Structures are given as structure tokens and as C-alpha cells.
Amino acid sequence: MSDYRSVISSIALAATLFTGGICLSQAQAADIIDEWANVKMPSAPELKAVTIDPKTTVLLMLDFLQGNCGHRPTCLAEMPAMKKLLDAARGAGAMIIYSGFEKSTPSDVIKDIAPPANEPMIHSNADKFLNTDLDKMLKDKGIKTVIVVGTAANGGVLYTAGEAALRGYKVIVPVDGLSADDLYAVQFTVWNLVHATPTFVNGVTLTTSDMIKF
Amino acid sequence: MRAKCALVFGLMACVGFGVSSLHAASIIDEWANVKAPPPPELKAVTVDPKTTALLMLDFFKQPCNVERNPRCVQSLVAVKKLLDEARGAGMLVVYTVYPTASGKPTSKDVLPEVAPNGGEPFFVGFLNKYIGTELEKTLRDKGIQTVIAVGTFAHGAVLTTAGVSAELGFKVIVPVDGMSSPTLYAEQYTAWHLSNVPVVSSKTTLTTIDMMKF
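Protein sequences appear in the order of chains A and B. Using our numbering, the letters of the first sequence correspond one by one to residues 7 to 220. Using our numbering, the letters of the second sequence correspond one by one to residues 9 to 222.
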């Protein structure tokens with residue numbers, strides 16, 4: 007009798023759990039604002055050393071402007087590393103392109119890393135392929151690899167690096183070359199660069215400026 | 009002499025330490041210290057159906073299935089409600105998918121719960137749905153000034169297409185219960201990005217499907 011009862015109660019319990027499970031799985035998920043405090047941070051992605059061919063590589067120096075980088079201590083702190091990367095790229099003969107916003111001029115770029123007259127500057131908002139000749143400039147030079155540094159990480163770098171990957175370029179992002187007002191935005195940019203691009207498109211390689219060999 | 013050496017050595021070590029601490033720590037070093045900002049405010053919004061388009065981004069099996077992305081499947085009930093309301097109000101509804109390793113999906117691959125009605129524009133493209141498609145022309149030809157972006161992944165197609173829409177001058181509405189990612193982290197950042205990043209945030213209203221009026 008007691009066995010019978012326990013079997014019945016087990017079945018009842020199982021049925022309740024099953025029904026509950028179905029209800030739960032069909033329930034609408036709480037939206038992200040409700041879930042805000044429950045968000046778990048993903049683990050940090052791996053950085054890789056890279057060796058690049060300067061003949062087919064461009065270094066994109068995005069929006070390192072006085073009015074932008076100049077007010078952002080995290081950006082200014084990256085200038086010595088950026089100067090070193092720039093010198094190495096120039097020394098190896100790689101193509102270098104600067105960007106700014108609509109009315110920026112080369113003299114608006116942070117002095118230490120300012121462009122000489124022969125290096126072009128393009129003008130756009132976050133996605134530097136939008137409303138510019140960037141794609142044509144790269145194709146005309148046979149560029150296959152794009153190194154992206156700049157500020158803000160979650161503006162110019164995020165959109166331009168993502169767009170470059172989708173357009174078939176190999177993309178290299180040194181994590182010591184991107185900054186934003188908020189570390190949260192830098193973290194997401196780094197995470198998203200390796201997670202948002204479909205896996206069969208040329209991916210994005212994360213590295214540091216010291217780990218790039220020309 | 010030995011004391012002098014120790015002093016000199018100590019000074020050098022101090023200087024060395026000073027220099028290395030001045031060098032910017034990369035985001036990978038800072039990863040565990042990153043704190044999420046407070047949640048953005050959701051706002052009620054009234055939509056003009058004549059000048060607004062609903063962008064249904066990537067509601068097909070590849071990115072929207074129970075195993076890989078359950079929050080997408082869970083969003084379908086609310087998205088269907090939005091879709092019915094948009095159609096009922098005579099709004100332009102546009103669908104997208106992206107090419108997969110096994111080929112180009114067609115409009116028949118859109119999940120049946122939210123399938124196109126046969127005459128609605130359908131585009132194939134990666135994250136930025138304006139690239140290589142007639143999306144912008146379709147919107148401009150119809151006099152569209154506002155886009156509502158829903159879909160998956162939040163951190164992929166929604167983040168990118170909403171961001172580029174803003175750059176192109178469209179107003180953007182994103183209901184947080186209409187966008188989904190496999191991880192809350194990615195949804196959280198997307199919600200924050202859309203309501204904090206310059207250019208994008210000035211054009212974007214973050215809301216919920218129930219807070220939208222037609």
C-alpha cells in the first residue's frame with residue numbers, strides 16, 4: 007500500500023515538474039532590463055602573436071583627435087604604444103590611413119602620432135566604410151589585412167573592424183590600441199569582435215601592439 | 009659601497025616600476041575589474057505607421073533555435089504581436105537573413121511564427137543589412153524616417169543595423185523584448201550601447217513592445 011502510494015505520489019510529482027517545466031520553457035523570457043543584475047561576464051579572449059606582410063597591410067588610425075583622444079586619459083596613455091606601432095608600420099612600408107569626423111583636419115590629430123602630408127585622412131562617423139572611398143583605397147593597393155586602432159573602441163573600432171571582416175579583409179586589433187570613456191565599452195568591443203562575426207568569414211585576431219611583427 | 013649599490017639598484021627598480029605602472033594596462037589585464045553600468049531607461053513611444061518600417065532581422069532557424077539561442081525563441085510571441093500590429097497599421101515590414109555555410113536562406117526559411125506574407129521586402133546580408141542590399145533605397149523610396157529594429161543576435165544584426173541606421177539619419181526604435189542573444193551579457197551591452205553611444209543614442213529610443221503605440 008505504501009509502495010503504491012509512493013509510486014502515485016512520484017508520478018504526481020513527476021507530472022507537476024513536467025508541466026511546470028513546459029510552462030517555464032514556453033514562458034516569455036524576462037527582458038534584459040529585468041535581468042540586468044543577473045548578467046555574467048564572459049571570460050577574456052585569447053591574444054595571439056601575428057606576423058604581417060607590410061605590402062598588403064594597412065594600419066587604420068581611427069579618430070585619434072585632440073578633441074576626442076585628447077580628453078580621454080585612457081587614450082592618451084596608449085600614445086607611446088601607438089607611436090611605436092606607427093613607426094614600425096611606416097618603417098616597413100605599410101599603408102597608413104587616418105580618420106576623423108566630418109570637419110577634422112590632419113592638424114587635429116594628437117601631435118605624437120600626426121600624419122605627414124602623404125598619408126590620407128578619411129572622414130566619417132563610426133563605420134569608416136560608410137560614405138567614404140576606404141574600400142576602393144584598400145582594393146587599389148591590394149590590401150588584404152587591416153590593423154585597426156583608435157578611439158572610441160565601441161564606435162570607430164567596433165564598426166570599422168567588423169565591417170572590414172565582413173568585406174573579406176583579415177582584421178587585426180591590438181587591444182592596447184582601443185579606448186573609450188568606459189571600460190565596459192572596451193570590454194564588450196573586444197568580446198564582440200571575436201563573437202559577432204560569422205565563423206566562416208575572415209575573423210578578427212586580437213593581439214597587442216608588441217605582438218605584431220612586420 | 010654595497011649600501012650604495014643597493015640604493016642605486018633600489019632606485020632603478022622603483023623607476024622601472026614607476027614606468028611600468030604608467031604604461032596603460034590593457035583591457036585583458038583589467039577584464040575582471042569591469043563593472044556594468046546602470047540599466048538604461050525605457051521610454052514609451054508613438055509610431056507613425058506611414059513613415060516607419062519594422063525591420064525583422066534574422067528570424068530564421070540558424071541563429072534562432074532552442075539549443076543555440078533560446079531567448080530568441082522565447083521572444084517570438086511578443087515579436088508576433090508587434091508584427092501583427094505593424095501590419096494592421098499598414099507599416100512597411102522588411103525581413104533579413106544572412107548567408108550560412110550551407111548557402112543563402114530564402115524567405116521560406118523565416119520561422120513560421122513570424123513569417124513574411126509574400127509581398128514584404130526580403131534581403132540577405134551580414135550584420136550591417138545596408139551593405140550589398142537595396143535596404144536603404146527601399147526605405148527612402150517609401151519615405152521612411154524611422155526604423156524599428158528587432159531580431160537576433162542583439163549584439164550582431166541589431167547593434168550593427170540599428171547603429172548604421174542612425175548614422176544614415178533614420179530615427180531608431182529598439183524594443184528590448186524584441187532583440188535576443190545567446191548570452192545576457194551581449195544583450196546588456198547592446199541595450200547600453202544603443203542608449204549611450206554618441207550619434208546612435210541621440211537617434212535611438214529603447215522601449216518594449218507593450219510601450220509602443222501605433
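In case anyone wonders, no lab produced these hints; they're calculated from the structure. Nothing here was measured: the structure is a model prediction, and the numbers come from that model. Heads up, some of the hints might be wrong.
What the hints assert, rightly or not - DSS-like mimics (lysine-lysine), calculated; alpha carbons at most 27 angstroms apart, straight line:
(1) A/K46 x B/K43
(2) A/K46 x B/K69
(3) A/K142 x B/K51
(4) B/K112 x A/K150
(5) B/K116 x B/K145
(6) A/K54 x B/K51
(7) A/K46 x A/K90
(8) A/K142 x A/K61
(9) A/K46 x A/K145
(10) A/K109 x B/K179
(11) A/K145 x B/K145
(12) A/K46 x A/K147
(13) A/K46 x B/K51
(14) B/K112 x A/K176
(15) B/K69 x B/K43
(16) B/K51 x A/K145
(17) A/K109 x B/K211
Now the hints, each set against the structure:
{"no.": "1", "hint": "A/K46 x B/K43", "verdict": "holds, 11 angstroms"}
{"no.": "2", "hint": "A/K46 x B/K69", "verdict": "holds, 26 angstroms"}
{"no.": "3", "hint": "A/K142 x B/K51", "verdict": "violated, 41 angstroms"}
{"no.": "4", "hint": "B/K112 x A/K150", "verdict": "holds, 25 angstroms"}
{"no.": "5", "hint": "B/K116 x B/K145", "verdict": "holds, 23 angstroms"}
{"no.": "6", "hint": "A/K54 x B/K51", "verdict": "violated, 42 angstroms"}
{"no.": "7", "hint": "A/K46 x A/K90", "verdict": "violated, 36 angstroms"}
{"no.": "8", "hint": "A/K142 x A/K61", "verdict": "holds, 16 angstroms"}
{"no.": "9", "hint": "A/K46 x A/K145", "verdict": "violated, 41 angstroms"}
{"no.": "10", "hint": "A/K109 x B/K179", "verdict": "holds, 23 angstroms"}
{"no.": "11", "hint": "A/K145 x B/K145", "verdict": "holds, 25 angstroms"}
{"no.": "12", "hint": "A/K46 x A/K147", "verdict": "violated, 43 angstroms"}
{"no.": "13", "hint": "A/K46 x B/K51", "verdict": "holds, 26 angstroms"}
{"no.": "14", "hint": "B/K112 x A/K176", "verdict": "holds, 23 angstroms"}
{"no.": "15", "hint": "B/K69 x B/K43", "verdict": "violated, 34 angstroms"}
{"no.": "16", "hint": "B/K51 x A/K145", "verdict": "violated, 44 angstroms"}
{"no.": "17", "hint": "A/K109 x B/K211", "verdict": "holds, 21 angstroms"}
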